[in-house]
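Enquirer: The task is to assemble the complex, starting from two chains supplied on their own in separate frames and drawing on the hints.
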Amino acid sequence: MIRSELLKTLYPILEKHFVVCNIGLPSQELHQLGDRENFFYMLGTMGLSSSIGFGLALSQPQTIVAIDGDGSVLTNLGTLATIGNNTADNYVLFIVDNGSYGSTGDQPTYAGGNTSLADVARACGCENVVECQDTEGRAALQAAIDSKQKTVIVCKCESGNIKLPVIDTDPVVIRHRFMAALAAANA
Amino acid sequence: MSISDKLVNDLVANQIEFVTTVPCKQLGGVIEGVDKHDAIQHVPCNKEDEGIGLCAGAWMGGKRPAIIMQNTAIGVTVNTLVTLTQFYRMPLPMLISYRGELREPVSCQVEMAVHTKALLDQLLIPTYHFHQESDAAEFDTILKYCFMSKKPVAILTDANFWGGY
Ligand SMILES: Cc1ncc(C[n+]2csc(CCOP(=O)(O)OP(=O)(O)O)c2C)c(N)n1
Ligand SMILES: [Mg+2]
Numbered sequence: 001m002i003r004s005e006l007l008k009t010l011y012p013i014l015e016k017h018f019v020v021c022n023i024g025l026p027s028q029e030l031h032q033l034g035d036r037e038n039f040f041y042m043l044g045t046m047g048l049s050s051s052i053g054f055g056l057a058l059s060q061p062q063t064i065v066a067i068d069g070d071g072s073v074l075t076n077l078g079t080l081a082t083i084g085n086n087t088a089d090n091y092v093l094f095i096v097d098n099g100s101y102g103s104t105g106d107q108p109t110y111a112g113g114n115t116s117l118a119d120v121a122r123a124c125g126c127e128n129v130v131e132c133q134d135t136e137g138r139a140a141l142q143a144a145i146d147s148k149q150k151t152v153i154v155c156k157c158e159s160g161n162i163k164l165p166v167i168d169t170d171p172v173v174i175r176h177r178f179m180a181a182l183a184a185a186n187a
Numbered sequence: 001m002s003i004s005d006k007l008v009n010d011l012v013a014n015q016i017e018f019v020t021t022v023p024c025k026q027l028g029g030v031i032e033g034v035d036k037h038d039a040i041q042h043v044p045c046n047k048e049d050e051g052i053g054l055c056a057g058a059w060m061g062g063k064r065p066a067i068i069m070q071n072t073a074i075g076v077t078v079n080t081l082v083t084l085t086q087f088y089r090m091p092l093p094m095l096i097s098y099r100g101e102l103r104e105p106v107s108c109q110v111e112m113a114v115h116t117k118a119l120l121d122q123l124l125i126p127t128y129h130f131h132q133e134s135d136a137a138e139f140d141t142i143l144k145y146c147f148m149s150k151k152p153v154a155i156l157t158d159a160n161f162w163g164g165y
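These protein sequences, in sequence, are chains V and P.
The numbering of the first sequence is my numbering, which starts it at 1 and goes up by one.
The numbering of the second sequence is my numbering, which starts it at 1 and goes up by one.
For reference, chain P alone in the conformation it holds in the complex (with noise of 0.2 Å):
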């Protein structure tokens, strides 16, 4: 099985059945996995606080979300995870594509690289990082864990995992 069918699938066993997305060639797999399975709404969405709002929206409608983006979004949804999904509560798994990190070939990538560990830390989200294939493992425990916790959590897929550029 290919890693993006792993963590599509795992999404699906953990009842995931919202998903909105805002692309990286890196994620490409998993958002083509996403998009094609029966059991989850694939809803895109054109910036990625909006997606937030959309997930926060099916969340309370009943239905487990989750967002799919690159780690450059961390810059833009910083005021709507505090005042939404932490403020009111809400559980949020954030699969993101950890750019500007080792075997990164866009140099512009590193500039919120450096960044994106220390925001997570500064707004208090769980992080996980995931460098080899094998972290993936520990998907579907943290999956458990965001909807248990109520939460959004931060799970960082860098180049070395998806086996490079």
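The shape of chain V in the complex, shown without the other chains (with noise of 0.2 Å):
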């Protein structure tokens, strides 16, 4: 299955979580399947899913899914060593792992090459690294999810994407209904 797909089949789970999403079409296809105000969809920034995420893990005790992507995580490879040398167990990062640049065409990552993310986020100290297929990726995000252990989740699927319209919700709202949701999970 495609990134579109994949993510229709964790949906019911992610819909139940505070999530960060990535940049582009993965934002796009989350906010197709259901905006919901426990969605923090990056409009831009490449490569700061998994550091949102992290830092939203480590300041509040709610269960926190960052979704990125592996050239977004390629672009920012210093997080998994942060990840890896730090305490947040209800942080899981759920990489889409397509081997490419999805939403700019698909051009091809090096993760769809010779470089492994599962095994550079073990190098980097990540203790739960879990490599599946697209077919398995909601049993393995529910999975990490309830382990309660950070989770570094490594999903290959396949490149590939379909055509939806930007997010134009404004930036700002995106972030205080958010605040806001996890302020009131957290009161």
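Warning: the hint list may mix true and false statements.
Label-pair distances were calculated between CB atoms; the ranges are [as the list claims (entries may be wrong)]: (1) P:Asp5 with V:Asn128: 51 to 59 Å; (2) V:Ala187 with P:Glu133: 36 to 44 Å; (3) P:Pro23 with V:Arg177: 30 to 38 Å; (4) P:Asp121 with V:Ser147: 44 to 52 Å; (5) V:Asn114 with P:Gly75: 29 to 37 Å; (6) V:Gly160 with P:Gly163: 56 to 64 Å; (7) P:Gln15 with V:Asp89: 19 to 27 Å; (8) P:Ser149 with V:Thr75: 26 to 34 Å; (9) P:Val76 with V:Ser116: 23 to 31 Å.
Reference listing, derived: stretches of chain V covered by chain P, where coverage requires no fewer than 3 residues with Cβ under 8 Å from a Cβ of chain P [said to hold, decoys possible]: (10) 53-59; (11) 73-84; (12) 172-181.
For the record, the hints were derived by calculation from the structure and aren't laboratory data.
For glycine and all other residues, C-beta sits at the position ideal for the given N, C-alpha and C.
Expert: Structure below.
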């Protein structure tokens, strides 16, 4: 399956959790599946989904799922060392590894070549690293959340995109309602 | 009290509980103070744009953040400052060592120093330059201003401020 199909399988889990979603099509796909205040869509800033999610996980107790892409993790590889060296057992990093820069037209990434992001994550000190195929993504995500242990999932899927409109919700609205929902959950 | 201790105390007095850092020699004392203080969670980052991402998350999670970095990092954080911190309207105090100013021994540092204020100005980032030790008296007020305005704010601290290199 391609990323949009994979996200569709994850949606029943994602809708119940606080999610930070990667720039471009992944956010547009999640938004299209059902816009929610507990979703923080990145409208720019390639590479920082894992970091924003990790800051959230470090600062409060709700489970945080960061959905990232292989290209974006490659551009911010240091994030895996930060994740590997700090404790946040309410954190799940779900890397959609389609082996390409999807949003910009599926140019190949090195993760689709000789580079294993799962091995990099392990080498960075991440203890719970799960590599799986698209059909196993949903079970892997649920298991990671239930384990209450910091987990990095590298989920392989096919390259390919569907056509979707950009998100035109004001960024301050996205951020404000996300914060309000999170504060209410923690109250 | 040392100047580093004063700065750390001001962070704590302003409920800053999450600090990320990439070291600079001049900032060694503050970073050590941040690391030791029980009220502050210190999460070192590997690159300053990553650190700004962590700070964005921490703030949305309910903890006031700050980043401590060198002015050379302005060169790696422009996109993040504008598309994340400013676009989503988030506060971020940036305590910055202003390398390449008077009393700087390393010539290469001057190359970023000459661009530092121009870049911050172009980004419309409120900027304060600490040159004398007494300038630190304003740090507390600057922190309050930062969280009131929900903007990134730069505090440039040069070699003279730190009492020479
Ligand atoms: C600094 C920067 N460089 C390039 C881009 C263009 N860009 C936006 S999304 C993207 C692809 C991200 O790929 P990946 O993280 O693998 O996600 P995918 O779309 O494949 O799911 C790129 C290159 C950008 N937004 N910012
Ligand atoms: Mg990709």
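Enquirer: Given a hinted range of 19 to 27 Å, is it respected by the beta-carbon distance of Gln15 of chain P and Asp89 of chain V?
Expert: holds (25 Å)
Enquirer: Using a Cβ cutoff of 8 Å, are there at least 3 residues of the region 73-84 of chain V near chain P, or does the coverage claim fail?
Expert: holds (count 5)
Enquirer: Starting from the hint 56 to 64 Å, judge whether the C-beta atoms of Gly160 of chain V and Gly163 of chain P obey it.
Expert: holds (59 Å)
Enquirer: Is the distance from the Cβ of Asn114 of chain V to the Cβ of Gly75 of chain P consistent with 29 to 37 Å?
Expert: holds (30 Å)
Enquirer: Tell me if chain P covers the region 53-59 of chain V under the three-residue, 8 Å CB rule, please?
Expert: holds (count 7)
Enquirer: Does the Cβ pair Ala187 of chain V, Glu133 of chain P satisfy 36 to 44 Å?
Expert: Between Ala187 of chain V and Glu133 of chain P, where Cβ atoms are some 43 Å apart, the hint holds.
Enquirer: If I claimed the Cβ atoms of Val76 of chain P and Ser116 of chain V lie 23 to 31 Å apart, would that claim hold in this structure?
Expert: holds (26 Å)
Enquirer: Please test the hint of 51 to 59 Å on the beta carbon pair from Asp5 of chain P and Asn128 of chain V.
Expert: violated (39 Å)
Enquirer: Within 44 to 52 Å: is that where the Cβ-Cβ distance between Asp121 of chain P and Ser147 of chain V falls?
Expert: Check passed, 48 Å falls within 44 to 52 Å.
Enquirer: If you look at each residue in the region 172-181 of chain V, do at least three have a Cβ nearer than 8 Å to any Cβ of chain P?
Expert: Contact hint for the region 172-181 of chain V vs chain P: holds, 5 residues under 8 Å.
Enquirer: Looking only at beta-carbon atoms, does the pair Pro23 of chain P, Arg177 of chain V fall within the given range of 30 to 38 Å?
Expert: holds (37 Å)
Enquirer: Do the beta carbons of Ser149 of chain P and Thr75 of chain V sit within 26 to 34 Å of each other?
Expert: At 30 Å between Cβs, range holds.
Checked against the numbered hints given earlier, this structure breaks only hint 1.
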